[in-house]
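Keeping their order, the protein sequence lines are chains A and B. Numbering-wise (the working numbering), the first sequence opens with residue 1 and increments by one. Numbering-wise (the working numbering), the second sequence opens with residue 1001 and increments by one.
Where hints are given, some of them may not hold.
To be verified - Coverage of chain A stretches by chain B, computed from C-beta distances (three or more under 8 Å per stretch; other residues unrestricted):
| hint | stretch |
| --- | --- |
| 1 | 27 to 39 |
| 2 | 42 to 51 |
| 3 | 76 to 88 |
| 4 | 182 to 192 |
These are calculated hints, taken from the structure and not from any lab test. Virtual Cβ for every residue (Gly too), placed ideally from N, Cα, C.
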Amino acid sequence: MTDHALQPGDGTPVWHVAEDDHDHGGNGATVLGFWIYLMSDALIFASLFAMFGVVSTAFAGGPAPRDIFDLPLVALNTALLLASSITFGQAMPHMEANRVGATRFWLVLTGLLGAAFVGIELYEFSHLIAEGAGPQRSAFLSAFFTLVGTHGAHVTIGLIWMVVLLVQLGQHGLSQPMKRRLICLSMFWHFLDIIWIGVFTFVYLFGVVR
Amino acid sequence: MSSSSNEGAAAHPAHAAHSSGHSRGYRVGTILAIVLTALPFWLVMSDVLHDAQTTIALIFAMALAQIVVHVVCFLHLDTRSEGGWTLLAFLFTTVIVVLTIGGSIWVMYHLNTNMMPMPGGTAGPMQ
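Excised from the complex, chain A in its bound form (with noise of 0.2 Å):
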C-alpha cells in the first residue's frame, strides 16, 4: 500500500500513506476507535468537574460566580458553538452526496462560529485576569480557569482540524479516507458542544443562581 502510495500515476511524490482498509471498506473501526477515545475525553472532563464541584465554593475572599460572571455573553458563547454544531450537521448529507463545494462551505462557516467562540472565550479570561479573577485568586477560579480553558483548547484543536481538513479537501476531493476523517471531527465536534451542556449548566448558571 505504502509503496503505491508514494509512486502515484505522474510520479509526483505523495507525502501521506494511503490508508489501508483493513476490515474491507467499512468505516467501522476507525468510528469505533474514535469514540472510544471520546469516551476517554469524557473521562477527563468528568474528573474536572468533579474537581470543579468539590471546590466551587472555595472563594478564599475572592469573588463568587455572581459577581463575575456575565450571563449575556455567556449565552452569545452558547449560542454560537450550538450553530456551529448545527451547521456542521448541515455539511455532512453533502458530504454524503459527494458535493465538495458545497461541504466546504458549511465547514468553513462550521469554523467560524468556532472561531469567535474561542475568541468571546479568551475576552472573558483575559477580562478576568484584568479584575484581578484570575487562576491564582481562589480555588475556585484555579479550577474555572481549568475546566473551561481545557473545553476551549479542545476547541482549538478542532478548529486546527478543520482547517487541516480544508485544504485536504482542496486535494483530495472526498475520497473514502476523507469522508473518514470528516465523520471523525463532526463526532469530535458534537462532543465538545455536550461537554460544553455541563459547563454553562454546571459552572455558569448553576454558579449564579445558588
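Guided by the hints, dock chain B onto chain A, whose structure is given.
Only chain B this time, still in chain A's reference frame:
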C-alpha cells in the same frame, strides 16, 4: 464489523443510518437543542420562578435532557451501530462519570461538614 463488510460503505449500519432517515432526526434534535438551551438561560437570567431550588432542579434536568438529545440526534448513538459496542462504551463511561463527579462531591462534602473545626475558621465549606 466483518458481518457488514461489503465494499460499499452504505452497507455499514452506522453509515446507512448516516444517509437515510437522519435529516429528520437532525431537525428534531436542532429544535430541541435550541429550546433546551434558551429555557435554562431565560429561567436564570430573568429569575421568573423566584425560587433557587426549583430553578436549579430545572436547569440540571434540561441539561441532562439536552445531553441525551445531542447523543441520539447528533452523534447517532443507537443499539445497532458498530454491533452495539458504541452504546456499551457510552453506558460504561456514563457509570464512571456519575461515580467520579457524584462520588467526589459527596465524599468531599461530608469531609467538610464532619471535619474538626479549623482554628479561627467558622466559615462555610472549603473557605
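Results of checking the hints against the structure:
| no. | hint | in the structure |
| --- | --- | --- |
| 1 | 27 to 39 | holds (count 8) |
| 2 | 42 to 51 | holds (count 7) |
| 3 | 76 to 88 | holds (count 5) |
| 4 | 182 to 192 | holds (count 4) |
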